[in-house]
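Colleague: Letter by letter, the chains look like this.
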Amino acid sequence: MKKLLFLWLILYAFKITAQNKQILYNFAELPQTLLLNPASEINYKFHIGLPFLSNISTQTGSKGVVLSDIFAVDNRNINDKIAEVISNLKPNDFIKFNSQIEIFSGGFRFDDQTYISFGFYEEIDAFGYFPKDILTLFTQGNDAFINKNFRISQISYQLDVLGVLHAGFSKKIDEKLTLGARFKIYSSAFNMQSTNNTGTFSTYESTNNLYTSYLNAVKFNARTSGLVNSETNQYIEDTSQYLKNTFFGDNLGLGFDVGFTYQMSPQLEISGSILDVGFINHKTNIKNTKVEGDFVYEGVNFTFDPDNPRNYWGEIDERFKEQLPITEDQESYISWRPTKINAALKYSFGERRSKVCYDNSFKEFYTDALGFQLHTVFRPFNPQLAFTGFYQKSITNKLHTKFTYTVDDLSFTNIGAGLSAQIGNVNFYGMVDNLLSYRNLSAANSLSLQLGFNLIFN
Amino acid sequence: MKYPLKFSKNVALVLALFIVVSCAETLDFKQIEEYTLKPVVTAALVSFNAKPIQFFDSSGTIQNNSVSDVFEFKGFDESYLRNNVVKLIFNAEFKNEFDRDITIQVDFLNRSNIIIYSFSPIFVESFDVNPPPYEEEIIIADNLQVLNATQVKITASLENTTTQLNPTDTSEFDFKSSVTLFIESEF
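Chains as they are written, first to last, in our numbering: chain A, 1 to 458; chain B, 1 to 187.
Just so you know, these hints were derived from the structure itself, not from any lab. Don't take every hint at face value.
To be verified - Restraint-style ranges between C-beta atoms, simulated for each label pair:
#1 A:LYS355 - B:GLU33: 50 to 60 Å
#2 B:GLU97 - A:GLU331: 50 to 60 Å
#3 A:GLY430 - B:ASN83: 21 to 31 Å
#4 A:LYS148 - B:GLU33: 45 to 55 Å
#5 B:ASP99 - A:LYS290: 47 to 57 Å
#6 A:GLU328 - B:GLN63: 49 to 59 Å
#7 A:GLU237 - B:SER185: 23 to 33 Å
#8 A:ASN233 - B:SER185: 38 to 48 Å
#9 A:ASN233 - B:ASN83: 21 to 31 Å
Unchecked claim - Cross-link-like lysine-lysine pairs, in silico, BS3-like; alpha carbons within 30 Å at most:
#10 B:LYS38 - B:LYS153
#11 A:LYS321 - B:LYS74
#12 A:LYS219 - A:LYS176
#13 B:LYS87 - A:LYS321
#14 A:LYS290 - B:LYS74
#15 B:LYS38 - A:LYS290
#16 B:LYS87 - B:LYS74
#17 A:LYS148 - B:LYS38
#18 A:LYS219 - B:LYS74
#19 B:LYS87 - A:LYS219
#20 A:LYS321 - B:LYS38
#21 B:LYS74 - A:LYS148
#22 B:LYS30 - A:LYS81
Even glycine gets a Cβ: it sits at the ideal position worked out from N, Cα and C.
When you get a sec, could you build the whole thing from the sequences and use the hints?
Modeller: So, in structure tokens, the structure goes:
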């Protein structure tokens, strides 16, 4: 638990964030918008992302607890604060983080209708629900909770570190419709996951003894790949090994993104995408731990039979191992990528201007746009939704801004801002959301930051 | 171009304002070093339901004035428990339908079968089917020898042995117990 807390602090410190990139979506024809909708409209000849700097994206989100709840300097006892935090947690409260660093990326126009893009990025993606019952049991024990069920099903998490090689195309079908798709090869450095667990632990007042404790319908499965060497059964401590595995290691997977953009009228556009429909087949350095069964403990029932002395402890131990076996194996398994869905409606207005396209033709555009975006990511307990309203303003042909207001599980006051500027062929973009939380970062539920540099050629 | 410049100036001003006003409440992560896990864990311990026949030898004719049984307890072999348990509370409840008083003796024994801690004898009067529950509190710091306990021995003794029990009598002596462990460990 100490390690988990440490990881949490580190992630907060680096402002790693959740996966909704509402500011980047369909913004300023940035090459990286193609990763959010492969059918985004692109009007240049080719682009090259600056290696390691073309897209740095970090996000973090936490529902139910923020750093200042625990670590504020308020002269309160830390035990009281942690107990209060755990007590206030709700079953669907969670922590999530996502970080992507694009190692390389590029794209070129294949023909008048088709733009091909490709790249490779490293990603850390983690999501876990706070298992309130288990934290309560761990920190307070069961004495104050007789007759209560502690739900093992609340343990649900997934952590992925992976490299993603991708290539996709955006094809203009006609003047109104653009379709796109992206194919991905996932290469997992390591994966940890435990989902779809069931079971309860409870202690009830009893008739046979003062109490009876139950481990009821337990089905717990914790899987890891790439973390434990299957030959030595030791944790892999060589960090370079993890990095190597993100470049076509043994644990590979496939996935795809699809999207569309439809110009309903010169001013009204609808778009949507489904991202990361895919899986990873984990087959090397696997360590799975399973616990399955039921167990009832009523203490020891003395028989006072000196002719047949009994090893009561041994009997309980044997029964426990038989009825609730803990097994380990190295069976391969499949992990599914968290699939995301984006949808947007954009209404453009304001001053009409024209810009030079790849073929030296001119494309007209409006300086302002208003619209709505929906984002959904599928999580073990329920899909998580985010609704964004946005306003885009093109200050010049080379300078674009976007402002967003997002309502999601984490906040009703998430205001974000983004800027994209191009000087010559060099494009820079930067985006920050949850701006209001900058009044007190320690109390922020979520933070995100994205920035990058591209070379764009018409 | 006047309008865009004004707009961009405003944007820059707003962003600059956010940067200037952004701050973080002072946090003290060292507080975690003072955090102490204090789980209190309760579990059933020993129970029995004794009938008069159990106080007789296998032939059913010679009365034994006491019976005892031993529960081998390996909890304190676990270093976490051994290092962090600070208090134990032993609770017991009884029901005596026998026609004579019964004394319950609870002893903790070490590996060498030597008694290292004994509870005060629990005296249960005859026909007392609802006596007050018994509670024994052990502060570990004052009784470190308890951590060497590997066995719990319970002895039930008949108090009045001048007349023999009726081995066919169906009256019962019920005993139920639990232990509550108070644990304090650093995070």
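Colleague: Determine for every hint whether it applies to the structure shown.
Modeller: Here is how each hint holds up against the structure:
The supplied range of 50 to 60 Å is met by LYS355 of chain A and GLU33 of chain B, whose beta-carbon atoms lie about 59 Å from each other. The hinted range of 50 to 60 Å is satisfied by GLU97 of chain B and GLU331 of chain A, whose Cβ atoms lie roughly 56 Å apart. Look at GLY430 of chain A against ASN83 of chain B: about 51 Å separates their beta carbons, and that is not inside 21 to 31 Å. A C-beta distance of roughly 31 Å is found between LYS148 of chain A and GLU33 of chain B, which places it outside the suggested range of 45 to 55 Å.
Checked against the given bound of 47 to 57 Å, the beta carbons of ASP99 of chain B and LYS290 of chain A, roughly 54 Å apart, stay inside it. Checking the proposed 49 to 59 Å range against GLU328 of chain A and GLN63 of chain B shows it holds: the Cβ atoms sit about 53 Å from each other. Judged by the Cβ atoms, the range 23 to 33 Å given for GLU237 of chain A and SER185 of chain B holds: they are separated by roughly 27 Å. As the Cβ distance of ASN233 of chain A to SER185 of chain B is approximately 27 Å, the hint placing it in 38 to 48 Å is violated.
Roughly 27 Å separates the CB atoms of ASN233 of chain A and ASN83 of chain B, a value that falls within the hinted 21 to 31 Å. At most 30 Å may separate the alpha-carbon atoms for a hinted pair to count; LYS38 of chain B and LYS153 of chain B meet this at roughly 29 Å. Under the criterion of a C-alpha separation no larger than 30 Å, the hint pairing LYS321 of chain A with LYS74 of chain B is consistent with the structure, at around 16 Å. Between LYS219 of chain A and LYS176 of chain A the CA atoms are separated by roughly 52 Å; this puts the pair beyond 30 Å, and the hint is violated.
Among the hinted pairs, LYS87 of chain B with LYS321 of chain A is consistent with the structure: their alpha-carbon atoms are about 29 Å apart, no more than 30 Å. In summary, the hint linking LYS290 of chain A to LYS74 of chain B is supported, as the alpha carbons are separated by about 25 Å, within the 30 Å threshold. Between LYS38 of chain B and LYS290 of chain A the alpha-carbon distance is near 28 Å, which keeps this suggested pair within the 30 Å criterion. For the hint linking LYS87 of chain B to LYS74 of chain B, the alpha-carbon distance of about 17 Å falls within 30 Å, and the restraint holds.
Note on LYS148 of chain A and LYS38 of chain B: the hinted pairing holds, with a Cα-Cα distance of about 19 Å set against a maximum of 30 Å. Pair hint LYS219 of chain A plus LYS74 of chain B holds up; C-alpha atoms about 27 Å apart against a cutoff of 30 Å. With a C-alpha separation of about 33 Å, the suggested pair LYS87 of chain B and LYS219 of chain A falls outside the 30 Å cut-off, and the hint is violated. A distance of roughly 28 Å separates the Cα atoms of LYS321 of chain A and LYS38 of chain B; the hinted pair therefore holds under the 30 Å criterion.
Distance hint between LYS74 of chain B and LYS148 of chain A is fulfilled; the C-alpha atoms sit about 27 Å from each other, no more than 30 Å. For the given pair, LYS30 of chain B sits about 14 Å from LYS81 of chain A by alpha-carbon distance, which is consistent with the 30 Å threshold.
Checked against the numbered hints given earlier, the structure breaks hints 3, 4, 8, 12 and 19 and satisfies all the rest.
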